[in-house]
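Protein sequence lines correspond, in order, to chains A and B. Using this note's numbering, read the first sequence as starting at 1 and increasing by one per residue. Using this note's numbering, read the second sequence as starting at 1001 and increasing by one per residue.
One or more of the hints may lead you astray.
Stated by the list, open to error - Now the stretches of chain A that chain B is said to cover, found in silico as 3 or more residues with beta-carbon under 8 Å: (1) 205–211; (2) 246–255.
Stated by the list, open to error - Just a few of them, taken from the derived set where beta-carbon distance is under 10 Å, the chain A residues facing chain B: (3) His-22; (4) Asp-129; (5) Val-133; (6) Ile-137; (7) Ala-139; (8) Thr-169; (9) Pro-171; (10) Arg-267; (11) Phe-269; (12) Ala-270; (13) Glu-271; (14) Ala-314; (15) Tyr-316; (16) Leu-319; (17) Leu-320; (18) Gly-322.
Said to hold, decoys possible - A short, non-exhaustive set of chain B residues, derived as facing chain A with CB atoms under 10 Å: (19) Gly-1019; (20) His-1022; (21) Pro-1025; (22) Leu-1027; (23) Arg-1028; (24) Cys-1044; (25) Phe-1269; (26) Val-1311.
FYI, nobody ran anything at the bench for these hints, they're computed from the structure. Just so we're clear, the structure is a prediction, and the values are computed from it rather than from any experiment. Ideal Cβ placement from N, Cα and C applies to all residues, glycine included.
There are 2 protein chains.
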Amino acid sequence: MTLLPTYQDVVDAAARLEGHAHRTPVLRSSTADTRWGAEFFFKCENFQRMGAFKFRGAFNALSKFDAAQKKAGAIAFSSGNHAQAVALSARILGMPAVIVMPRDAPAAKLAATREYGAEVIPYDRFTEDREAVTKKIAAERGMTLIPPYDHPDVIAGQGTAARELFEETGPLDALFVCLGGGGLTSGSALSARALSPQAKVYGVEPEAGNDGQQSLRAGHIVHIDTPKTIADGAQTQHLGDYTFGIIRRDVDDILTVSDAQLVDAMRFFAERMKMVVEPTGCLAFAAACAMAESGGLKGQRVGVIVSGGNVDLARYAALLAG
Amino acid sequence: MTLLPTYQDVVDAAARLEGHAHRTPVLRSSTADTRWGAEFFFKCENFQRMGAFKFRGAFNALSKFDAAQKKAGAIAFSSGNHAQAVALSARILGMPAVIVMPRDAPAAKLAATREYGAEVIPYDRFTEDREAVTKKIAAERGMTLIPPYDHPDVIAGQGTAARELFEETGPLDALFVCLGGGGLTSGSALSARALSPQAKVYGVEPEAGNDGQQSLRAGHIVHIDTPKTIADGAQTQHLGDYTFGIIRRDVDDILTVSDAQLVDAMRFFAERMKMVVEPTGCLAFAAACAMAESGGLKGQRVGVIVSGGNVDLARYAALLAG
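Here chain A stands alone, though its shape is the one from the complex (with noise of 0.2 Å):
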């Protein structure tokens, strides 16, 4: 059996964070307030550094490496956040860092990651397996292997978000938070259990792609083809072991929303509150307006991970202007 990572994890990962994370604002809308009825507080993970949660989670797991590990350096599958966070974690840190990406990945974001200092190595998608050319070169260069959700410190370092809400809201009566391979999402369900024990938490998946609302009410992990989304965050096939150990146990339901709901939602963020937040970040306050439309978050308080903002601006302008 998985030993769980535990809240206990999230405070100390808090403390590895304190001076390199930023303690990103909780921002409110008395539009969202007014139309619903509710309170809604807005953790806004789009202001943390590199633009998303997943800094949290790599710089945690990246700070406890021993001195071996650091000498070595760290690698990482990713052509999103996970490569950015890893990165910029590792030049923090001072140890080298690898990111195997994509060979055909957006042109800005291989920049963005060489930027922060990793060796990118290519690979060609169509003929080789990402996580055989990754382990390769960790074994060669005896580098430690960063998965993008699956892991107790990443975990915990995503868990740092939701504790920092709660410790400037107090209680809430709902937590809606966005669902990819579930790092966030269990993160954030140890910190509700701990802080808000009776908080509904919500993890809230793109339509397309609902294995975890699929394995959630099977009882076993799923397994989904990449399903086709705007969300290009939460395009994972299933949930992790430690994850769906976390989220089975302290999750109280899985939501989905569709593309032109996350569309919406991006637009009342851009119009009402004057954040850019990328597709994946919408998903959260997508499925809580949603619920709030039908009445169900009358009179409550309602907390809404907003998980980063890294949007291609062309592709940003072109969802925004429908």
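Following the hints, put chain B in place on chain A, whose structure we already have.
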């Protein structure tokens, strides 16, 4: 001689705003800091209520009304942020508000102002004089006219944003503020002189509408035609007696930037800081970028007031897309 408001008026305004205005976050950008070798502190008034600093001045002015004034209410002419600021402040304080707006103002702005509970009185900007229209209604109804910038209580209210910034950062080397009619610039200068006397204070105008710069150099208020610029909040034709009196005494220089520089700054805010900022709100940072680019801010601690985020989404998307 006009009796100018003082820093004590800013302190008194802050007490009135307590619990009504948001204490907006001061955000950082390690990208900006690294790129230019300086420390930037962004006071984000785009996250203020109704999306701009204007709420501060309007609320301060209205909250000083006596019983008779309160009963009759407030009147303003504006098609921009001042309209919504007066409307929202009046609603909070439980008094009537009339906003005189051009009949052909964007439907969204008319709707937003009505949504805040104000009565909108349209006028024809080709055949009618808005000041005359406004004064007539004010006289008929006994309402108190709140001008958008040239009023001691408005100036004192706007000064509370810079005060909060300095409270958080301590003294700075430079402060950049957007300049239209001068309410925010003069209020900010009062706070700067009290809390950071050595800071250089810069007002920033659109290149096309540099009446403030001309006025500072001429030593008297210069009037210009309505300038063509995307910074619609800074299309003022002249400073006011109060604002010019403070600016000539307390502001070090007035700088100008082009519309292209505003768009660059807007893109930086969206891409790097995940914030929606309206064109006028980009003035201060655009000028700071230009000065930093030429090495003029090396090693300095620099305050930038981000004044607002109210921009029509379709227009915003078009500007981002370039």
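List, from low to high, the hint numbers that the structure doesn't satisfy. 1, 2, 4, 5, 6, 7, 8, 9, 19
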